[in-house]
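Protein chains in written order, with the working numbering: chain A, 1 to 379; chain B, 380 to 758.
It should be emphasised that the hints constitute simulated quantities derived from the structure, not laboratory data. Please note that a few of the clues may not be correct.
As the list claims (entries may be wrong) - Taking CB as the label site, the calculated pair distances span:
no.: 1; chain 1: A; residue 1: Ala348; chain 2: B; residue 2: Pro405; range: 57 to 67 Å
no.: 2; chain 1: A; residue 1: Glu54; chain 2: B; residue 2: Gly463; range: 39 to 49 Å
no.: 3; chain 1: B; residue 1: Ile731; chain 2: A; residue 2: Glu8; range: 55 to 65 Å
no.: 4; chain 1: A; residue 1: Asn279; chain 2: B; residue 2: Ser604; range: 43 to 53 Å
no.: 5; chain 1: B; residue 1: Pro405; chain 2: A; residue 2: Ala294; range: 46 to 56 Å
no.: 6; chain 1: B; residue 1: Arg549; chain 2: A; residue 2: Gln70; range: 54 to 64 Å
no.: 7; chain 1: B; residue 1: His388; chain 2: A; residue 2: Gly301; range: 40 to 50 Å
no.: 8; chain 1: B; residue 1: Arg671; chain 2: A; residue 2: Gly301; range: 37 to 47 Å
no.: 9; chain 1: A; residue 1: Asn293; chain 2: B; residue 2: Thr486; range: 30 to 40 Å
no.: 10; chain 1: B; residue 1: Lys561; chain 2: A; residue 2: Gly301; range: 30 to 40 Å
no.: 11; chain 1: A; residue 1: Gln70; chain 2: B; residue 2: Glu610; range: 46 to 56 Å
no.: 12; chain 1: B; residue 1: His390; chain 2: A; residue 2: Ala294; range: 49 to 59 Å
no.: 13; chain 1: B; residue 1: Gly459; chain 2: A; residue 2: Asn293; range: 19 to 29 Å
Every value quoted in this text rests on a predicted model; they were computed, and no experiment measured them. Glycine residues also receive a C-beta, built at the ideal position from the N, C-alpha and C atoms.
Number of protein chains: 2
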Amino acid sequence: MKFPVYYEHIHTCKQTGARYGILHTPHGDFETPIFMPVGTQATVKTLIPEEIKEVSDGLILGNTYHLWLQPGDEIVKEFGGIRGFMKWDGALLTDSGGFQVFSLSKTRKITEEGVHFSHYKSGEKLFMSPEDSIHVQNNLGADIIMSFDECPPFNSSYEYMAESVDRTIRWAKRGLKAHNRKNDQGLFGIIQGGGNKDLRLHCINELKDLDFSGFSIGGLSVGESKEEMYEMLEYLKDVMPKDKPRYLMGVGTPDYLLEASMAGIDMCDCVLPTRLARNGTALTSHGKVVIRNATYERDWGKLDDECDCYTCKNYTRAYLRHLVKCKEIEAAMLLSIHNIHFLTNLMARVRIEIENDNLKNFVQEFYKKYGYTKEEESI
Amino acid sequence: MKFPVYYEHIHTCKQTGARYGILHTPHGDFETPIFMPVGTQATVKTLIPEEIKEVSDGLILGNTYHLWLQPGDEIVKEFGGIRGFMKWDGALLTDSGGFQVFSLSKTRKITEEGVHFSHYKSGEKLFMSPEDSIHVQNNLGADIIMSFDECPPFNSSYEYMAESVDRTIRWAKRGLKAHNRKNDQGLFGIIQGGGNKDLRLHCINELKDLDFSGFSIGGLSVGESKEEMYEMLEYLKDVMPKDKPRYLMGVGTPDYLLEASMAGIDMCDCVLPTRLARNGTALTSHGKVVIRNATYERDWGKLDDECDCYTCKNYTRAYLRHLVKCKEIEAAMLLSIHNIHFLTNLMARVRIEIENDNLKNFVQEFYKKYGYTKEEESI
Numbered sequence: 001m002k003f004p005v006y007y008e009h010i011h012t013c014k015q016t017g018a019r020y021g022i023l024h025t026p027h028g029d030f031e032t033p034i035f036m037p038v039g040t041q042a043t044v045k046t047l048i049p050e051e052i053k054e055v056s057d058g059l060i061l062g063n064t065y066h067l068w069l070q071p072g073d074e075i076v077k078e079f080g081g082i083r084g085f086m087k088w089d090g091a092l093l094t095d096s097g098g099f100q101v102f103s104l105s106k107t108r109k110i111t112e113e114g115v116h117f118s119h120y121k122s123g124e125k126l127f128m129s130p131e132d133s134i135h136v137q138n139n140l141g142a143d144i145i146m147s148f149d150e151c152p153p154f155n156s157s158y159e160y161m162a163e164s165v166d167r168t169i170r171w172a173k174r175g176l177k178a179h180n181r182k183n184d185q186g187l188f189g190i191i192q193g194g195g196n197k198d199l200r201l202h203c204i205n206e207l208k209d210l211d212f213s214g215f216s217i218g219g220l221s222v223g224e225s226k227e228e229m230y231e232m233l234e235y236l237k238d239v240m241p242k243d244k245p246r247y248l249m250g251v252g253t254p255d256y257l258l259e260a261s262m263a264g265i266d267m268c269d270c271v272l273p274t275r276l277a278r279n280g281t282a283l284t285s286h287g288k289v290v291i292r293n294a295t296y297e298r299d300w301g302k303l304d305d306e307c308d309c310y311t312c313k314n315y316t317r318a319y320l321r322h323l324v325k326c327k328e329i330e331a332a333m334l335l336s337i338h339n340i341h342f343l344t345n346l347m348a349r350v351r352i353e354i355e356n357d358n359l360k361n362f363v364q365e366f367y368k369k370y371g372y373t374k375e376e377e378s379i
Numbered sequence: 380m381k382f383p384v385y386y387e388h389i390h391t392c393k394q395t396g397a398r399y400g401i402l403h404t405p406h407g408d409f410e411t412p413i414f415m416p417v418g419t420q421a422t423v424k425t426l427i428p429e430e431i432k433e434v435s436d437g438l439i440l441g442n443t444y445h446l447w448l449q450p451g452d453e454i455v456k457e458f459g460g461i462r463g464f465m466k467w468d469g470a471l472l473t474d475s476g477g478f479q480v481f482s483l484s485k486t487r488k489i490t491e492e493g494v495h496f497s498h499y500k501s502g503e504k505l506f507m508s509p510e511d512s513i514h515v516q517n518n519l520g521a522d523i524i525m526s527f528d529e530c531p532p533f534n535s536s537y538e539y540m541a542e543s544v545d546r547t548i549r550w551a552k553r554g555l556k557a558h559n560r561k562n563d564q565g566l567f568g569i570i571q572g573g574g575n576k577d578l579r580l581h582c583i584n585e586l587k588d589l590d591f592s593g594f595s596i597g598g599l600s601v602g603e604s605k606e607e608m609y610e611m612l613e614y615l616k617d618v619m620p621k622d623k624p625r626y627l628m629g630v631g632t633p634d635y636l637l638e639a640s641m642a643g644i645d646m647c648d649c650v651l652p653t654r655l656a657r658n659g660t661a662l663t664s665h666g667k668v669v670i671r672n673a674t675y676e677r678d679w680g681k682l683d684d685e686c687d688c689y690t691c692k693n694y695t696r697a698y699l700r701h702l703v704k705c706k707e708i709e710a711a712m713l714l715s716i717h718n719i720h721f722l723t724n725l726m727a728r729v730r731i732e733i734e735n736d737n738l739k740n741f742v743q744e745f746y747k748k749y750g751y752t753k754e755e756e757s758i
């Protein structure tokens with residue numbers, strides 16, 4: 001079977017085992033590893049599509065849960081899917097809605113059929129099945145879509161996790177069957193299992209030979225320690241299917257992106273760059289900059305002396321600090337441009353270092369310059 | 380004396396007496412009547428400078444009061460004035476700060492020397508004199524700057540208004556004396572007098588022969604009725620100096636802009652287009668559109684079928700409504716682009732109609748199409 005989305009492997013880093021390749025989609029081919037900015041509600045917050053194109057690689061994410069509720073997937077479909085609705089001519093990925101169903105609702109009840117839960121704002125009673133999720137994603141029309149899965153806490157009991165993983169496997173198979181746009185949308189299976197390697201492997205073994213275009217790793221970056229996450233990534237590196245793209249969901253701090261790349265991950269997404277921007281924080285090659293701080297009041301420097309994004313080409317730290325102090329929206333706009341560009345650029349460098357079999361060295365240099373220590377928090 | 384800012388008259392509309400001319404400034408020559416968008420805190424809210432250039436005529440306004448308090452005029456000066464600080468290569472006008480001193484402070488005490496008042500947020504005790512205002516504006520570095528004036532309520536008693544106008548005249552003379560950048564900043568005198576024609580004329584007579592580059596009309600659009608405002612504009616039309624630019628401060632609804640143009644006004648400014656945008660309202664040739672309304676949920680049309688701005692070229696009403704419903708910042712961005720473009724475009728049309736001696740006819744057609752009736756509110 002020919003998949004609309006497929007992975008072409010080019011090189012494996014001899015120093016780390018990281019993968020350099022190309023992700024082929026109906027709306028563009030993308031070098032991997034890649035960082036994908038998030039456009040939850042059919043807009044990457046504060047950026048117009050031309051700006052997204054400028055600072056990203058051209059593959060962004062939309063959230064099924066939010067668009068299903070507002071304006072509704074039928075309306076989005078009428079307007080040409082998310083791409084037509086928001087006038088995005090790049091490529092697109094949607095999640096399944098599952099993560100939001102579990103994380104945003106105060107109450108939920110999981111049955112074999114699907115999940116009963118309440119609207120995250122109105123409290124209205126709602127229901128979503130694996131088939132519903134795929135149907136909604138068929139309407140939203142992204143190039144890459146996700147299976148509907150359960151995402152239990154990382155350290156759930158073995159009994160619960162085993163039961164949940166088996167349900168996620170059954171749901172994945174139901175979703176595959178319900179998928180109506182196999183010619184132009186690639187459906188990914190999702191690997192769950194929390195911190196349990198046997199269950200992760202079981203999940204992989206059950207899904208790997210089915211007609212999925214790629215595989216996502218769910219249930220990481222959900223509150224577990226860095227060590228737990230890195231250990232699981234290292235384990236998954238050798239057991240994930242090698243011929244399909246590997247997507248680590250919801251990961252976006254610089255160190256997570258680097259560690260994920262070293263563990264053979266091809267795709268990552270996160271709201272981090274735009275969310276940090278709205279809080280007045282910039283990611284730079286010398287670490288994060290909280291631009292509100294008084295020390296930047298008269299600072300003629302740009303955010304990052306190594307950056308050539310629109311914001312860094314034009315504005316001083318003093319001006320950006322002023323905008324943040326004034327709570328001006330333009331602060332979020334200019335910092336979002338910079339932060340997304342920073343992560344996009346970081347991944348471009350990662351790809352070069354993979355080709356040079358030098359990723360491990362680069363990561364160590366990056367950490368030193370950025371100011372990371374083992375004990376420190378991410379960001 | 381050669382003024383850095385001066386008015387070149389080209390044509391008077393035979394139908395209305397409206398003036399078509401050119402306002403010359405150190406950073407560009409502008410056809411008048413002109414609408415100037417407001418960039419209170421060294422940013423036109425939600426627009427980057429390239430977008431401001433695209434949708435305006437290239438002359439914007441900054442607010443002295445806000446920039447004096449944050450980041451401080453000395454810092455702005457260090458960074459090349461407002462233009463250097465915000466990377467604006469067009470022309471610029473600053474107000475005197477007087478209006479905010481009077482409208483934003485809970486307490487204030489007016490003396491001959493200046494005004495004692497409290498910080499609009501912190502409550503800190505502050506003082507501003509006419510000399511202070513000019514000094515701050517010299518630091519902010521706009522092409523066009525304003526005299527520090529008192530702006531009393533429209534219907535103040537004759538006694539109070541007479542006293543206030545005389546003080547405003549004395550303050551204007553002191554400001555003129557304090558002005559340190561006569562070669563590259565044009566200082567405007569401000570005509571006050573509320574609803575009293577004798578006092579307005581007195582103010583004009585006292586200021587008209589002094590070295591002002593132009594004259595502003597203050598104390599209108601401050602809560603008086605439309606009829607009161609239009610009557611005063613009609614009166615001022617014949618008594619304002621003809622060889623200098625005439626600036627009606629704080630006016631920006633479509634009908635006010637049209638009436639002001641017919642009354643011989645050359646320049647107007649208002650926060651209206653960006654403020655309306657943040658409230659989800661668009662100005663269109665068929666009247667205002669509250670895009671949040673459910674009627675636009677599946678509307679494929681653009682905001683205004685006669686508009687060719689970026690927003691109208693790219694987005695459906697359905698998408699804009701979705702953004703407003705989601706409280707996405709992009710809604711304010713896209714609506715601000717449209718609204719400023721709408722008023723800029725309206726004034727371009729006004730200039731053509733003046734040249735054609737047809738402004739009155741055009742205004743009547745516009746009102747009919749827009750949906751204005753005499754009884755209705757502006758906007």
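Status of each hint after checking the structure:
1. Ala348/A / Pro405/B: 57 to 67 Å: With Cβ atoms ~43 Å apart, the hint is violated.
2. Glu54/A / Gly463/B: 39 to 49 Å: 24 Å, violated
3. Ile731/B / Glu8/A: 55 to 65 Å: 58 Å, holds
4. Asn279/A / Ser604/B: 43 to 53 Å: 45 Å, holds
5. Pro405/B / Ala294/A: 46 to 56 Å: Distance hint for Pro405/B, Ala294/A is violated at roughly 34 Å.
6. Arg549/B / Gln70/A: 54 to 64 Å: 58 Å, holds
7. His388/B / Gly301/A: 40 to 50 Å: 47 Å, holds
8. Arg671/B / Gly301/A: 37 to 47 Å: 42 Å, holds
9. Asn293/A / Thr486/B: 30 to 40 Å: 32 Å, holds
10. Lys561/B / Gly301/A: 30 to 40 Å: Because 35 Å falls inside the window, the suggested range holds.
11. Gln70/A / Glu610/B: 46 to 56 Å: At roughly 48 Å between Cβ atoms, Glu610/B and Gln70/A fall inside 46 to 56 Å, so the hint holds.
12. His390/B / Ala294/A: 49 to 59 Å: 53 Å, holds
13. Gly459/B / Asn293/A: 19 to 29 Å: Since Gly459/B and Asn293/A have Cβ atoms about 23 Å apart, the given range 19 to 29 Å holds.
When each numbered hint is compared with the structure, violations occur for hints 1, 2 and 5.
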